[in-house]
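> Below are the chains, spelled out letter by letter.
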Amino acid sequence: MKLARGPVIAVAVIAGLALAAPLLGLPDPIRMDVAHRMAQPSWQHPLGLDEFGRDELSRIVWGARASLAVAFAASLIAGLVGTSIGVVGGFLRGIVELTLLRAVDVVLCFPPLLLALLVVTVLGPGAGTLILVLSVLYVPGFARVAYAGTLSVRAQDYVEAMRALGATRPRIMLRTILPNIIGPVLVQLSLAAAAAIVLESGLSFLGLGVVPPTPSWGLAIGAARATMDQAPLLLLWPCLALTATILAMNALCDALRDALEPHAAPRTTGQRLRDLLTPGRAVPSGDRLLELRGLTVAIETPQGTVRPVREVSLTVAEGETLAIVGESGSGKTLTGLALLGLLPEAARVLTGSARFDGADLLRLGETSWRGLRGDALAMVFQDPMSSLNPLHRVGAQIAEAITSHNNVSAAEAAARAVALLREVGIPDPARRARAFPHEMSGGMRQRVMIAMAIANGPRLVVADEPTASLDVTIQAQVLDLLAELKQQSGLALIFISHSLPVVAEIADRVAVMYAGEIVEEGPVDAVFGAPLHPYTAGLIASAPSEDGKPPQAIGGTVPSPEIVLPGCRFAPRCSRRIDRCESEPAAMVEVTPGRRSRCLRWAEL
Amino acid sequence: MIWFLRRLAISVGLVWVVATIVFMAIHLVPGDPAELLLSQGGVAPDPAAVAELRTQLGLDRPILTQYADSMTRLLRGDLGRSLQDDTSVAQEIGRRLPRTLELIGAAMLLAIGLGVPSGAAAAMRRGGLWDRLATGLSGVLLSVPVFVLGTVMVFIFAQRLHWVPAGGYVAFTQSPGLHLLLLSMPAAAIGVGLAAVVFRMSRTAVLDVAGRDFVRTARAKGVAPGRIMRHHVLRNALLPVVTIVALHLGSLLGGTVLVEYVFNWPGLSGLLVSAVVARDYPEVVGVVFTISVLFVALNLLVDVLYAVLDPRVRYG
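These protein sequence lines are chains A and B, in that order. The opening residue of the first sequence carries number 12 in our numbering; numbering runs sequentially from there. The opening residue of the second sequence carries number 45 in our numbering; numbering runs sequentially from there.
By construction, these hints were calculated from the structure, which means they are not laboratory data. Only true hints are included.
Stretches of chain A that chain B covers, calculated by requiring three or more beta carbons in the stretch to come under 8 Å of a beta carbon on chain B:
| id | region |
| --- | --- |
| 1 | 127 to 135 |
| 2 | 210 to 217 |
| 3 | 244 to 257 |
| 4 | 393 to 400 |
C-beta atoms are modelled at their ideal positions from N, C-alpha and C, and glycine is treated no differently.
Chain B with its partners taken away, still in its complex shape:
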């Protein structure tokens, strides 16, 4: 329990660091931030527009006041207003965040559901046909960027085979079947690459654990092979797998941004990309902050999971 509170405190600290950096990002660049945001290809922006943006972003006040102000607003869950249409950034994020979370969850499930069993199977018959096939395939999958895989999937399954629409989103309440069908493509595009990572780690971990002394002890006790695999090998092999998934969370979230864009999935990234193009600073900051907090939260979740799996962590 104390362990968890300590870990939670670290996460809160990280969120604060993230918030501070996001706040500082615009002030770190030499020159007037408002002018910077409005400049387009070396053309000097209209001084009136710059002045207006300065007031709008509150850039005319002392920097410490700005910082204190932005932190208190964050605490209240206020992420400011969009420069494009003056809507509440927090509200828009709240509407889109569940869709991104759903996509991440589906991709993770797919990656673990595909990666762990295939990795364990490959390890059990090392050097066999499946092992060589799957190891080779995972090497290729690791080298295909998610947006390439997504685009090719759209081309094959939507353009040529007409199995699925090219992308888009339908609420689950409206049409559960179509919702899941539309979800399956982006989830597969992210999940398959991650599955290759999980596959490799599972294979290595199972091979490693199978050679440990306590597995020999289990055999010396006369425990059935299936039970040795489930209770002794897999349980221990999951630890490095969890670690590797945690290490890939960052690229998973980045991949989600790209894949949402490819499949027109109306999560956070559509908002983000259009905001970056329009250089809508409050909206970009809002989304980057939200996803980074999600990143910190997922890392916390992984650590908790790790503690559940490994009793040594809880007391360490």
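Okay, chain A solo, but in the shape it has when bound:
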């Protein structure tokens, strides 16, 4: 746990001053010198005298004592009571849980200051009343935090183990659960103390908190209001002291939270460094719709630049289905996103060109992109639930794709959206268009996503694992739909998947990706029938087969992108490696036209 030092020091200094107030040799904060009331600052009285001729500096320092004593006492009491309630309630559950936590929540029915005023009316003002009422106010916060923590900890295996070993319940709560939830409780403690300082000073300001002549910042601000014309500094000092203390406390809260709940590494700004792109080579375009050459994607991490996609080259002909297969982390999704200029913020295209319809996709400006995306080039994403906006009706979301590219009326777009829903096989499309995404099944939602993608008659659709989140039967329906749409409109499809049976069913050609590189490419029957790369062979062996042979997993895991190997990236997991594989980079070899492999030993396979 790394705690930022600044706020800790600041709070320690303030608390230290408050504790050491009697030792600092300051003038008596209560002794009046009415003759010199509101005297200007002098050597003797660095901050001057207040409206009763009392030393202001001394009153500010002693005021910290009053404020912090009340705040810390109240938050400690609230912390002890609230945490006990939360832990006991969360651990014992049942009726105890219900009564304890509900009873505590009653406090939350009131605005805090109002409840405090009610109690002050009954008990009369004073530090004791303040501590009592502030502790009551902050009990629910602690109870809730401790309760939530206990619930998550009690389900852990080591708690179960303690129980199995016969540990008593108080022992489990004190020795096992408490240490595990102490972090959030500490954060809550600092929050409560900061809030208590604010509330205490507010009540004292109203004259209903600390009782005069005890020094208090709130009282001092209230008093200085009357004399701010003659002595504005008397208003300034307590305001500064109070604000600085709260600022320090708030900074401490933030620091504690940051230390206990580390945030993800700061992301780099979204600036695309296009000047890093190599000039695109002139690429011949016959019936080739898309020609991707040497795509490398880079991600900046705190550890340095990694390249999850390296030198990927692909072609897609008009009306063709190309499948990209590979395990998670092979770079297939990033390749698809790069093609649509939708890379996540931290990632950028380092090199490469993508010739599509006469333009280089990788060098388009955001404005040209907008004209193309959703029009000639569309994408279907993996998870239709998160990919649809939860707050808009699905019909409107499809219509938006239409109005973004065509100058049509809203009614016309809505009508076309209904027609599209019918086209993707949604029954009762007029009614379904008015549904929200959460009212539909996963298969329906993916059909909506497909309707959105084909809304403007695209020539190429990139589908990123469009069936991965669906049941097997629904998967088959969605695949049939894609095949059907392809036949009707002649669009080309890049189908990204990790599932070989699915790929075998839908693709014309397949490119196998491993650790950011394409390792083999060719017509789907040829690649699956006679793989020319050990990784493809491994993938096929690991898929469930129809002849009942047990699947054979490939040993090891995909190397993470930051690891740089001198030789073939698959060599460490390869059963057929020879020494040369580990020392010499494997180049892509064109075995026969349209059939490529990145294995040194392809001829022996």
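Guided by the hints, dock chain B onto chain A, whose structure is given.
Here is chain B on its own, set in the frame of chain A:
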């Protein structure tokens, strides 16, 4: 609709809980409540006065009778009579409540009007000058208690610059300009602090939503950036902003009490503070009850707003 009725029933239940606690407050303390209310700094009060107060508050009857009686009176909108001048508490509250509501409304408008656009702007240019400036400023504003900010505002704008009167109230019908001028100061004192909260939440929410899948979908559809911001990002980002405003309603109402006092705004809090000082129990109970009911009502309003913004809640 069923959702709303259920939510309404919960609110009514909460009001009942609030009423019961307010009733119990005085009975929870050990000792004779009347004696407690009259005791001042350890001096034993005059027994005759105690007896009179007991009759006046009806404390001499059995506690259940008192409870039933106070609940039926609440249902009729009767909050009792002030101990100070025997006026009807409900009438006085009715006269002052609209002014407090106006102040809260103005402060909320200001907080949302300042906080949401500045938060969205900071998120769009993250790490830029405006982002760093506004984030720093919001950190400071969050640490200034409302009454400090209010007092300093009085000092600067009224005492030194003489732009506005130091406080007070003029009816809108009497002088609309002056009314709004007088309203602007307390509304700003409450609104600025709340704006800092809204700013932070808006910034975080916009950053979070901008990275979601459906925003990528919108980009994949070729939707214009301005429309993505308005229709997809902001709409979704408003949900956590509404939640955070709801969480701060309590401190907003508390801040209103303090700020009304600072600016001499004759809302509920002036009544409350003087009643607490005089330990005028019926009046304190009346005001605390009213503001707590307002608190419950505002929470209900926020939940309804949430349901309007998020269709998933309506069916959930």
